[in-house]
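With chain L fixed as given, assemble chain S onto it according to the hints.
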Amino acid sequence: MMISGRTLGQGATSEAKMSTEFFRATSFCALSELDYNALGVSEGGNVLVRTKFGEVVVSAKKDKGLPSGVIFIPMGPWANALVGPETGGCGTPQFKGVEAEVEETKMVVLDVRELFADLKAGAETS
Amino acid sequence: MIVEDVLCPFCGCLCDDIKVEVEDDKIVGVKRACRLGSSKILGHERTKAPMVRVDGELVETTYEEAYDRTARILKGAKRPLLYGWCSTVCETHKKGILLAEEVGGVIDSTATVCHGPSIIGIEEKGLAGSTLGQIKNRADLIVFWGANPAEAHPRHTMRYSSNSSGMFTPEGRRGRKVIVVDVRETRTAKNADKFLLIRPGTDYEVISALRMIVADKGDLVPDYVAGVAKADLEEVAGIMKAAKFGALLFGLGMTHSRGRYKNVDNALSLVADLNGFTKFVVMAMRGHYNVAGFGQVSAWETGFPMSVDFSRGAPYFNPGETAACDLLARKEADAMMVVAADPASNFPRMTVEGMAEIPVIQIDPFPNPTTLLADVVIPSAVCGVEAEGTAYRMDGLSLRMKKVVDSPYPTDEEIIQNILDRVRRLGDDN
Numbered sequence: 000m001m002i003s004g005r006t007l008g009q010g011a012t013s014e015a016k017m018s019t020e021f022f023r024a025t026s027f028c029a030l031s032e033l034d035y036n037a038l039g040v041s042e043g044g045n046v047l048v049r050t051k052f053g054e055v056v057v058s059a060k061k062d063k064g065l066p067s068g069v070i071f072i073p074m075g076p077w078a079n080a081l082v083g084p085e086t087g088g089c090g091t092p093q094f095k096g097v098e099a100e101v102e103e104t105k106m107v108v109l110d111v112r113e114l115f116a117d118l119k120a121g122a123e124t125s
Numbered sequence: 000m001i002v003e004d005v006l007c008p009f010c011g012c013l014c015d016d017i018k019v020e021v022e023d024d025k026i027v028g029v030k031r032a033c034r035l036g037s038s039k040i041l042g043h044e045r046t047k048a049p050m051v052r053v054d055g056e057l058v059e060t061t062y063e064e065a066y067d068r069t070a071r072i073l074k075g076a077k078r079p080l081l082y083g084w085c086s087t088v089c090e091t092h093k094k095g096i097l098l099a100e101e102v103g104g105v106i107d108s109t110a111t112v113c114h115g116p117s118i119i120g121i122e123e124k125g126l127a128g129s130t131l132g133q134i135k136n137r138a139d140l141i142v143f144w145g146a147n148p149a150e151a152h153p154r155h156t157m158r159y160s161s162n163s164s165g166m167f168t169p170e171g172r173r174g175r176k177v178i179v180v181d182v183r184e185t186r187t188a189k190n191a192d193k194f195l196l197i198r199p200g201t202d203y204e205v206i207s208a209l210r211m212i213v214a215d216k217g218d219l220v221p222d223y224v225a226g227v228a229k230a231d232l233e234e235v236a237g238i239m240k241a242a243k244f245g246a247l248l249f250g251l252g253m254t255h256s257r258g259r260y261k262n263v264d265n266a267l268s269l270v271a272d273l274n275g276f277t278k279f280v281v282m283a284m285r286g287h288y289n290v291a292g293f294g295q296v297s298a299w300e301t302g303f304p305m306s307v308d309f310s311r312g313a314p315y316f317n318p319g320e321t322a323a324c325d326l327l328a329r330k331e332a333d334a335m336m337v338v339a340a341d342p343a344s345n346f347p348r349m350t351v352e353g354m355a356e357i358p359v360i361q362i363d364p365f366p367n368p369t370t371l372l373a374d375v376v377i378p379s380a381v382c383g384v385e386a387e388g389t390a391y392r393m394d395g396l397s398l399r400m401k402k403v404v405d406s407p408y409p410t411d412e413e414i415i416q417n418i419l420d421r422v423r424r425l426g427d428d429n
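Protein sequence lines correspond, in order, to chains L and S.
According to numbering that gives the first Met the number 0, the first sequence is numbered sequentially starting from 0.
According to numbering that gives the first Met the number 0, the second sequence is numbered sequentially starting from 0.
Mixed in with the good hints there might be a few duds.
Which bits of chain S does chain L cover? Going by a derived footprint, with three or more residues having C-beta under 8 angstroms, they are [stated by the list, open to error]: (1) 105 to 119; (2) 150 to 162; (3) 336 to 347.
Read the hints as simulated data drawn from the structure, not as lab findings.
Ideal Cβ positions, reconstructed from N, Cα and C, are used throughout, including at glycine.
Next comes chain L alone, as it looks inside the complex (with noise of 0.2 angstroms):
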């Protein structure tokens, strides 16, 4: 089940978004100790996260704080690769509680001008 949220990293990096802070902050997926321990990630190794609207590489990190079973992902551009564009009628999507599966993965964390990269490609320009 993946939440995602504010966190003070996120927060005081939210007007500098193209900066290394920012990504720092944001492009990580914080575990349980025991769901961090069991998926056998590395120090600082990294997760595929797939759920059924996308998927995303995000570094791994533990959170004494989390039940097993919860993933927490800061708000921005990699939580929300996961989140569906379903609002329930009342224009809002589902931010949080969405069903997701984590592996360990030897793939990079995109930074933002990459996850960006292919959308504005072929469009049109005005």
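Structure of chain S alone, referenced to chain L:
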């Protein structure tokens, strides 16, 4: 020079006691602000000049050209979406609503990805509200539900809620009980007397169980509700009923989870029930410093708080149909103007893909992922630092933002006025 009593343009706390040190019209120091506020006031990398996209690349241009191009895009679009507005002042909102009406577009604020469901819940149920001052001076019980002010509103607890001292609450934190309900043990939870860990997406069930216990129908509640023991729920309900003045402060844990506005609706009902026994108030922990202000201006100008569609000639409101995420996900919007927000970061990826296919205009002091998708970029002054104006705190109190230093950039209000003038002129030519 020290500028006193500056208002912080970051979160909905709108702290009004900040000291800013200015030398040669440059900010060199910030006192009293939290890490979030000082980071914004001290400044970040800025977008230096207006830009337009030519052959796939953003190239610098003049403000005049950027305004002209924006006006042409908005005027030429069938379903333009004017989105954002959370980090700018009410004077900008007013002009933005005029512009939306002029182009027959949809105007929506960041509330729709934040506390929009709270507003819908409040419209359904009504709200036993209060100011933050009343909570500070009177509340002996603070309940944070799906809210983590330790990270999202760092000075809230000290200034207004759990740890503040007021007229009838001189003992501060020692004289209060604090309950935290969340799906993880947050930093805020570490400050609680009682922490309820619930499973994600079960807020509605847990609130319903509490309402049953409050109404003395606890014998109908099963031994466990969403993983929470009935004994814990009984303890929490007991603390709530025993409070002299309780305050339920809820965050996005409620509005972003399964149930969304129905969670809020149920929480408001719990508070209404509790008012049968004691004094209890409830408040949404609004995120950006003036997202509440857009709701106010929009409500008095159009009758609706967000997601207002002018395409029919009269304001029309139906979130789920006219909200920004819905319009983009359905690929209905054919142009988008983003003011003081960053939807490319904060919308679901599949919704952002809808943004990438249409012309996007960005009005913002700072570069961000929305810049990467923008066809026109118009840099503006930072409200509350380089421009003054009105903002609404999370409790609905309106406050005047100060201008601390001069800026080479035009204000959001001036930019929107310039675009509005050009759109009207284009209208005259047709």
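Going down the list of hints, with the structure as the test:
Look at the segment 105 to 119 of chain S against chain L: 7 of its residues bring a Cβ nearer than 8 angstroms to a Cβ of that chain, three or more, so the hint holds. Counting residues of the segment 150 to 162 of chain S whose CB lies closer than 8 angstroms to any CB of chain L gives 3, which reaches the minimum of 3, so the coverage claim holds. By the rule of at least three residues with a Cβ nearer than 8 angstroms to a Cβ of chain L, the coverage given for the segment 336 to 347 of chain S holds, with 6 such residues.
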